[in-house]
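Let's have the full structure, built from the sequences with the hints guiding it.
The residues making up each chain are set out below.
Number of protein chains: 2
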Amino acid sequence: MPVKHIPDIVVGRLPQYLRSLQRMALEGRQVTSSQELGERLGISAAQIRKDLSQFGGFGKQGTGYDISFLIRQLRTILNIDHDWDVAVVGAGGIGSAVARYHGFTDRGFNVRLIFDSDPEKVGTQVGEHTVQDYAQMAEIIEQAGVHIAMIAVPSADAQDVADKLVKAGVKAILNYAPISLNVPPGVYVQYIDPSIHLQRMTYYLSR
Amino acid sequence: MPVKHIPDIVVGRLPQYLRSLQRMALEGRQVTSSQELGERLGISAAQIRKDLSQFGGFGKQGTGYDISFLIRQLRTILNIDHDWDVAVVGAGGIGSAVARYHGFTDRGFNVRLIFDSDPEKVGTQVGEHTVQDYAQMAEIIEQAGVHIAMIAVPSADAQDVADKLVKAGVKAILNYAPISLNVPPGVYVQYIDPSIHLQRMTYYLSR
Chain X
-4 MPVKHIPDIV VGRLPQYLRS LQRMALEGRQ VTSSQELGER LGISAAQIRK DLSQFGGFGK
56 QGTGYDISFL IRQLRTILNI DHDWDVAVVG AGGIGSAVAR YHGFTDRGFN VRLIFDSDPE
116 KVGTQVGEHT VQDYAQMAEI IEQAGVHIAM IAVPSADAQD VADKLVKAGV KAILNYAPIS
176 LNVPPGVYVQ YIDPSIHLQR MTYYLSR
Chain D
-4 MPVKHIPDIV VGRLPQYLRS LQRMALEGRQ VTSSQELGER LGISAAQIRK DLSQFGGFGK
56 QGTGYDISFL IRQLRTILNI DHDWDVAVVG AGGIGSAVAR YHGFTDRGFN VRLIFDSDPE
116 KVGTQVGEHT VQDYAQMAEI IEQAGVHIAM IAVPSADAQD VADKLVKAGV KAILNYAPIS
176 LNVPPGVYVQ YIDPSIHLQR MTYYLSR
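Protein chains in written order, with my numbering: chain X, -4 to 202; chain D, -4 to 202.
Treat the hints with care, since some could be wrong.
[Claimed, not checked] Across the chosen pairs, the derived CB separations fall in these ranges:
| hint | chain 1 | residue 1 | chain 2 | residue 2 | range |
| --- | --- | --- | --- | --- | --- |
| 1 | X | S112 | D | G122 | 15 to 25 Å |
| 2 | X | S39 | D | D152 | 44 to 54 Å |
| 3 | D | D128 | X | I1 | 42 to 52 Å |
| 4 | X | G7 | D | A151 | 22 to 32 Å |
| 5 | D | G122 | X | G7 | 46 to 56 Å |
| 6 | X | D3 | D | A151 | 46 to 56 Å |
To be clear, the hints were calculated from the coordinates, so they are not data collected in a lab.
Even glycine gets a Cβ: it sits at the ideal position worked out from N, Cα and C.
In structure tokens form, the structure reads like this:
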């Protein structure tokens, strides 16, 4: 499907639209509107219409959006019309929880590999996965052709892990360590840092 | 400290500045620049200067920013110059990992309470915390005066949990369930959904 350049800020909203639409589909719904999507997401209906019009009109004036059609389109645009294998680095509390989490599979992702450098953890089972030795990580990831990884190691180690992942061919990193990573062009990083979100809210709370 | 209205988009960047500055402080650094901060964060130096000037100038032209002074100012502005107690709802994989995580304490937050409705989990230990019964949650949170909570329950239960939390006086919710929550004005919600971040990156990956 040919897709023209979409601004990054719009790309960032598409997964939210997809998530809401998938929830509506689970509720057995067939049609929705920009108004309803907007209310669910706290985004204006006008913004949603504008975003979706960036890559062609999906709704007809007055009849709303066909939910299953829009889900298929968004999955194609977001490049998750096939599943991606994911590696998790770090088998501590967060890494283990993420590797055991079953919510990725219907969102386009399968955790396939988990690594740790702690000899006590290597060989143990985390959900369906056996923790493998960090020393073999680069080779295993390269051979498996895995392009997405999650980093769940202490901050002090996160940049080294990222460097190794990039060398092994990883193109997208979800970083749970509370530190900014440097990666070369063509590699993407996103961050999960709950404290950042909490601090963003405490600003608004009365002292 | 009197603070004028700061746009929400700027508020969202302040915790990132604070995190980078705290890391520099840990490295023993005393002074930084908007250029250096920008390189660490992937934000332009001009943007950082503009953001920080919103609430008064913290740096002098040519001498840079005093790191410890700026940390103190940002902590005051973000309302984390004192610690906040936090309740975790859900003692599954994610909830337990979050409750055990030690990275919140130097960011302004202390997990104090954890709840679950599963009788098998109530009374068990998660790190330093004993899992308490969800049936008593509202009362305990209200009595403790806790205003911040994290939701780590299945999507189908998340809105009910949020409603109960709001009634108990919670003003800020960090939601790990992959669903949008409706809350009344004056209550803030932020979301942690790794799939959203992953999908935002797969858009850019070659098929």
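Against the structure, the hints:
| no. | hint | verdict |
| --- | --- | --- |
| 1 | S112(X) <-> G122(D): 15 to 25 Å | holds (23 Å) |
| 2 | S39(X) <-> D152(D): 44 to 54 Å | violated (29 Å) |
| 3 | D128(D) <-> I1(X): 42 to 52 Å | holds (47 Å) |
| 4 | G7(X) <-> A151(D): 22 to 32 Å | holds (26 Å) |
| 5 | G122(D) <-> G7(X): 46 to 56 Å | violated (34 Å) |
| 6 | D3(X) <-> A151(D): 46 to 56 Å | violated (32 Å) |
Checked against the numbered hints listed earlier, the structure breaks hints 2, 5 and 6; every other hint is satisfied.
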